[in-house]
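**Q** So the chains spell out like this:
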Amino acid sequence: MGKTIVCQCEDVTQGDLEDAFEQGFRDLESLKRYTGLATGLCQGKCCIAHAARFLAALKGGDEAAADPPRTRPLLQPTPISCFAGPEELSASPASREGQK
Amino acid sequence: MARARRLDRSSDNPYPHGEQVEFQYEGRPMLGQAGEPLAVALLAGGVRIFGRSIKYHRPRSPFCLHGHCSGCLLRVDGLPNVRSCRTALRAGMQVERQLGWPGSGRDLFRTLDWVYGERLDHHSLLTSSGTLARMAMGFVRKMAGFGHPPTAEPGPPAPKRRMSVPAVVIGAGLAGLHAAVELGQAGHRVVVLEAEELAGGRLCDASCKLAGATGWAARRELLSRLSALPGVELRLGTPALAVYGDQAVLQVLAAGPDETLALEPQRLVVATGAYAPLPQFEDNDLPGVLGPRALDRLVCGHGVLPGEPVLIAGDAQETLELAAALVERGIALAGLVTDRPEPELPAQLRTAKVPRVAGHRILRARGGRWVQRVELAPAGRETPDLVLDCGLVAAEAPAAPAFELAHHAGCRVVFRSALGHLVQTDAEGHTSHGQVLAAGHCAGAGSAEEARLQGQRAGLACALGLKDEPGLRQRLAALKA
Amino acid sequence: MRDRADLVIIGGGVVGLSLAYHLARLGFTDVVVLEQGYLCFGASGRNGGGVRQQWSTEENIQLMKESVQMFRRLSSETGYNVWFRQGGYLFLARDAASAQGLEANVKLQNRCGVPTRLISPAEAQRVVPGLAPAGIQVCAYNPTDGVLFPFPAVWGMARAATQLGVAVETFTRVTAIEARGRQIVKVVTDRGAIATNRVVNAAGAWSVQVARLLGVELPNKPYRHEILISEPLKPFLDPMVSDLSDGTYFSQTMRGEICGGVSDPAEPSSMETRSSLRFLERMCRAMVRVVPTLANVRVMRQWAGFYDETPDGQPILGRVDEVDGFIQLHGFGGHGMMLAPIVGKLAAEWILRKADHALFQRYDLGRFKRGEVQKETFSIG
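Going down the list, the protein sequences come from chains G, H and B. Start counting the first sequence at 1; every next residue gets the next number (our numbering). Start counting the second sequence at 1001; every next residue gets the next number (our numbering). Start counting the third sequence at 2001; every next residue gets the next number (our numbering).
All clues given are correct.
Here are the computed lysine-lysine pairs in the DSS-like style, where the Cα-Cα straight-line distance is at most 30 Å:
| # | chain 1 | residue 1 | chain 2 | residue 2 |
| --- | --- | --- | --- | --- |
| 1 | B | Lys2234 | H | Lys1142 |
| 2 | B | Lys2375 | B | Lys2065 |
| 3 | B | Lys2375 | B | Lys2221 |
| 4 | B | Lys2369 | B | Lys2186 |
| 5 | H | Lys1142 | B | Lys2065 |
| 6 | B | Lys2369 | B | Lys2354 |
If you are wondering where the hints come from, they were derived from the structure by calculation, not from laboratory data.
Please construct the entire structure, taking both the sequences and the accompanying hints into account.
**A** Right, here's the structure in full:
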């Protein structure tokens, strides 16, 4: 007991955030990787905002220091069987040319 | 601590409830109402601990009840890690808890939480000796992971379909529904994706008040307007999973109840709302501590009260209205922790003489398997000077807009300390991505009124992007004034 | 930031950091490592952590044998647990050519002391529960291969090198490298300049851009490589499974997630790091083909990194003709993580002239001009 939980998926505590900052992990991408927050089953819905506030506050209120980490699909865990069917959903890779 | 009980439901309650059905919980029969979320049925049946956390084996229980957090994960019909707040109860369901030895209820591995009272640093764990680390690898591996692999026999893969549509709106909340109404009225075809089985978002909350009307009344009115528009297709239970922008066309991936969809819209309105983060105090994850909207949904919506009296903490208007809604339903309040001055409180709270605690914050929650009391301290102090007994807690936390899907598309997302990460928009809802608009709480709306207005503007701007019409331009200009 | 250094390493990925770490262990610490982002920003933080000794050339097999031993020691050396778990690697061959390839490789690997065995699909089912045997001709299984957690390998080497006296500068982008004649004089970054005569190009997918700052053209091409991870589950899959027919590979991490990728012959060379729906579909199909019961497992997250590819599938190591003191350490395809320990160590010895390693002549940039190319055929996962 006696823990303040930041990310309940991965059991990341406020103490973990403070330790990570102390160890030099001082951007949101690094904080995420070092503590594991936002990498569990909720993918950061419940913890990224707090981690951002923590970081911005320690960096003298610098809001730019708390830009969100790269957001990765999927928004929620979804069975492989939803995507494994034979039909092709994706646009053809060739159409990527010229978009650069 | 009071036992869980079911409340009477008012006739205007939008939440579904069906006949009584029997299901199996940890090998024992239990009763619930068909169609209600499994998590709600379990709370009504007196279940306190839904499982154990992954590292310290702390008790877990529903916190958000909106399909976002990991508090309500269970093993259901041979599938692990199922969000029971998003799973409708059916007769005969087999439900088990996850993690813990000998079980989740009494779990000896909970001692890890006490042994590592401060924290357990897995990065330095077992690094003093390579041999020791290799020996312990098997044990550590067994302890890691969450549910056991699925045992249910997989069915055939879901059918998949590509769909080209002029407009897609993600989220059938206040902003999304208003955007869809504007698009529909302008004569455009629009698909609205909603993850939940119930449209309305915040309009489903008893604490929601919009222009004097209750959220439930506003919801009925809005949905009836929407159903009169032939171009609007509302897809419930169909969460948007991703927005892919690496190809020439923008694709929105969504998983419907029976099929997987790749929608290819010319314009996309993101109206994904916001999440309920954990409020920050010691043992904030104790079962019985919920987000305010979760408590609203559970008690006022589903009519299930798992504990009493209720402690409410927060300053938002919705939080105060939630306290008032509970008082209206005859539920005892342990207190209202708020810095809002007395005259700003809803009338019911003043007449019911609900104890108001000002200038304090929650320092820690106490209780073994379920919250029994909270300790409060004056602002800036670390020692409590007030202890309130309670059987349920709803505590507000700073906002966390659901920015992810817009971020997938490449829209600029900015951080504001007061508002969280939000999708950056102009006054019409345009994001930094030419095809994507955003509205509502994900774009920084602070109130229901603001979300509605943003939704209308984004809907109109989206319609104008599809086809320029002077009438729409005038209406948009009027809404911006 | 230091304004001068004996050696500047461009690229704070696992290859550059391994070099820095091994230089420091040999007492050479006047080194600055420049990383454009956070630690783990590039491919080192985006890979699946596979470490295998099943290769098709004796040289690579011997190198990887060394790397495996080094990974076994890395956690206790650096104080960061890399969770290196030797659950084996299982290769599946579905056609005669792949089967013959496996057979030849296993013989070679056995000669090098790697205990790989050819096993039947039925035996493979005992290693991978739920494996669908239909269509599989033969499998190669080496129980001493494994997977690790990439992040702490990067952090550990960075911290160990820093503690020994090396400077690791993150969020520092190289904007120019100045030379006088054949001699390098200075590396310019967005945070200031560093006077130096020696530069190591360990920039992975960005190596071409770095080399171009000195007018050196590299044949490398970056390719997006995508990967996904499932919900965390209790352990049920021990080895990395790799299907040679389509380049699928997946294993279970120490956190319980199934993590893997699949190669895509249609992927054009680019610096694209966005995820694609195409990969999600291809990977899900591929996983279900290998282990049908995975259909009920949920996908949690997908992301992309780079393969830094060379024309012959071998890295580019050593000097260049055009400039003195410009050392190349890149082109590792998808194998930078697994090769980093041994390559970093050998490069440190070679740079400090403690030992001469033929590697740095055989795999230099000049080989493409000389036409001395031996292709590694086993570049998967």
